[in-house]
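These protein sequences, in sequence, are chains P and Y. Residue 200 in this note's numbering sits at position 133 of the first sequence; the count goes up by one each step and never skips. Residue 299 in this note's numbering sits at position 232 of the second sequence; the count goes up by one each step and never skips.
A few of these clues could be false.
Identical copies look the same in the list; a pair holds intra-copy or inter-copy alike.
As the list claims (entries may be wrong) - In silico DMTMM-like cross-links for lysine to aspartate or glutamate, where the CA-CA straight-line distance does not exceed 20 Å:
no., residue 1, residue 2
1, LYS73, GLU422
2, LYS292, GLU262
3, LYS272, GLU239
None of these hints come from the bench; they were simulated from the model.
Number of protein chains: 2
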Amino acid sequence: MFDLLKTDTSSLARLGRLTTAHGVVQTPVFMPVGTQASVKALDPRELDEMGTEILLGNTYHLHIRPGLDIISEAGGLHQFMNWHKPILTDSGGFQVFSLAKIRKIKPHGVEFRSHLDGSLLFLGPKESMEIQRVLGSDIAMVFDDCPPHTATPREVRGAVERTLRWAAECREQPRAKGQLVFGIVQGGSHAELREECARALTAMKFDGYAVGGVSVGEPEPEMMKAVEYAVPFLPENQPRYAMGLGTPAQLVELVARGVDMFDCVLPTRVARNGTAYTRKGTISLKGGAYKRDWGPIEEGCDCFACQRFTRAYLRHLLNVNEILGLRMVSVHNSHLFLRVMADMRQHLAAGTFGEFRREFIAGYRPSRKVLAARQCTQPPVDEAG
Amino acid sequence: MFDLLKTDTSSLARLGRLTTAHGVVQTPVFMPVGTQASVKALDPRELDEMGTEILLGNTYHLHIRPGLDIISEAGGLHQFMNWHKPILTDSGGFQVFSLAKIRKIKPHGVEFRSHLDGSLLFLGPKESMEIQRVLGSDIAMVFDDCPPHTATPREVRGAVERTLRWAAECREQPRAKGQLVFGIVQGGSHAELREECARALTAMKFDGYAVGGVSVGEPEPEMMKAVEYAVPFLPENQPRYAMGLGTPAQLVELVARGVDMFDCVLPTRVARNGTAYTRKGTISLKGGAYKRDWGPIEEGCDCFACQRFTRAYLRHLLNVNEILGLRMVSVHNSHLFLRVMADMRQHLAAGTFGEFRREFIAGYRPSRKVLAARQCTQPPVDEAG
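Okay, chain P solo, but in the shape it has when bound (with noise of 0.2 Å):
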């Protein structure tokens, strides 16, 4: 299912290979979002021309809207979505936490609220992996307790113990065919209740692992180390997946740290509001810096964008609120993240990681925010997080 091709001699990084019902996926690999099945603004087309292998769907969303019994009827997820590669399910235990209002936690999963229309609604371990049953992803998650980063010890504590006793009931439910199934670690920023979760679920055995409660408001030294805390407890021949991360440096960074598989929804949220990612960190296109810019938005970037639209075109398309420009900045910076992946890719097999990580984060300036939550006095080249 997952084959370890080569590990990096200067870091924990990896290339692999896992193989799914609906095909193979490159490792390290980068699934772009599509909550509510659809990528925001791209079609399949654009998602295939990019090299996109493996796609994100959301338990908890499609759930909701447009409910389990319209994807059955389609055959699937893949079907309904016209998607024919690999699919992951998020389990919705994320949105439960973050979206949902008025939960109650109860033994067996969360009564919650529907945060569109204050609906009464029940997801547990059960109901979880039913509806990724249903959905017919290649992955689907178990579903797990994901408490904010404000949480008390001891509530990281009561969330990692109710994880793996939902973990253990997620293990014994019906799944799609060939369908996999991960684990999620959680414990917060502790080692103990990190390390303590992280081999508990390994021994149930499950076909990957992530790192959950991460990418829930923590400063980034505190992600870096949820990761660095879970990742040697669990198994070196299975996936490693770090949830909702991250930044393009970030990207490469948990790489470094033994991480093979991200999802993150900032490339095409955050081009919604004009702003670029590129190699060198993000640009703010509405900015009137780029008003008679000429150049594609990434010098040598072969997108679709980039080979056909100025930064300046793409500047006043954002301004008049043509979906054009969007549709170009989502193109971008997806195609963006996806390509970092593979030069990674490439760099693990030719041996060379190490060198294009240190020349990837040196020339990458991070947005303020994140130098913010770095507590970085370097001073920030743009606006944009």
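Take the given structure of chain P and dock chain Y to it, following the hints.
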């Protein structure tokens, strides 16, 4: 410049070929509208794939944003938006009279306040032609006075006189290399004014003639009459353009009345509201009726959207505000308008236009809005207009 290839025996419909600086256009032709240097939600590849031969750009909007200096520095509108087939630019007359605030008509143009920031601007024959020269469109339109449907006969006469005076001024302005200039017939629903305006314009010898002052809120029969009043006084061997029209059935009926060129925002505007055009009329894809509809928007359609997605999927996307939803309906609608024009050209070439027209009109159920404008008692099939 314009070759009249064939004239229908059952109507005034004509098959033609218009040669411009950026290529040849087969007529009758539909021009997708790229008001602000982008056809809303579509990219140039999609426009190419659906068979777009010529786009429309807008002097008023492009003058305000991004401003002429930017487009000039880009090397013209074709370069700026990366579209290398023909472009027709509207003169801004329609927008000055419909969008701008606090306008003051002066002998050589209109002083008005920008609909965006209230800044004081002036547009007249000289300014409009200069902007269109810099934009470098293949076809420039004269700057006209376009009164609303509610104008008094006296006001319409004033507008005709002003339009003619300004047309003569436009005629004398410098042009871009190879740029064609079309006159615009005003005259509301007054037969004698339409004739007078058409005759006077024709005497000035433009490269083509448009019927303006339609699509300004008038009922459908008045719109048809405005065209019928003008066409007999326009030269056979030059292209005729009905501005801002219409629905698919109206396009067929206007071709039958001797019109060769059309532009309309309907295909993309209604798409953003979830309304799809078909050869049988419009459907509101957001409706519950399509919840479990696993067919394409339109059976037999070979557009990008119909080849890939079901009505049920698109309905979901539209209802959760995913941009891919309105994108795909924009693709389908624009494709349909272009395809109906291609069908008309084919039937004109084959000598079967009369039959096509009869069948098309019999099969097409106009929207409630169009029916109301006809004061017709036929029951509507949908909500869209």
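Taking the hints in turn, this is what the structure says about them:
no.	hint	in the structure
1	LYS73 - GLU422	within (16 Å within a copy, 69 Å between copies)
2	LYS292 - GLU262	within (12 Å within a copy, 81 Å between copies)
3	LYS272 - GLU239	within (12 Å within a copy, 83 Å between copies)
Checked against the numbered hints above, the structure breaks none of them.
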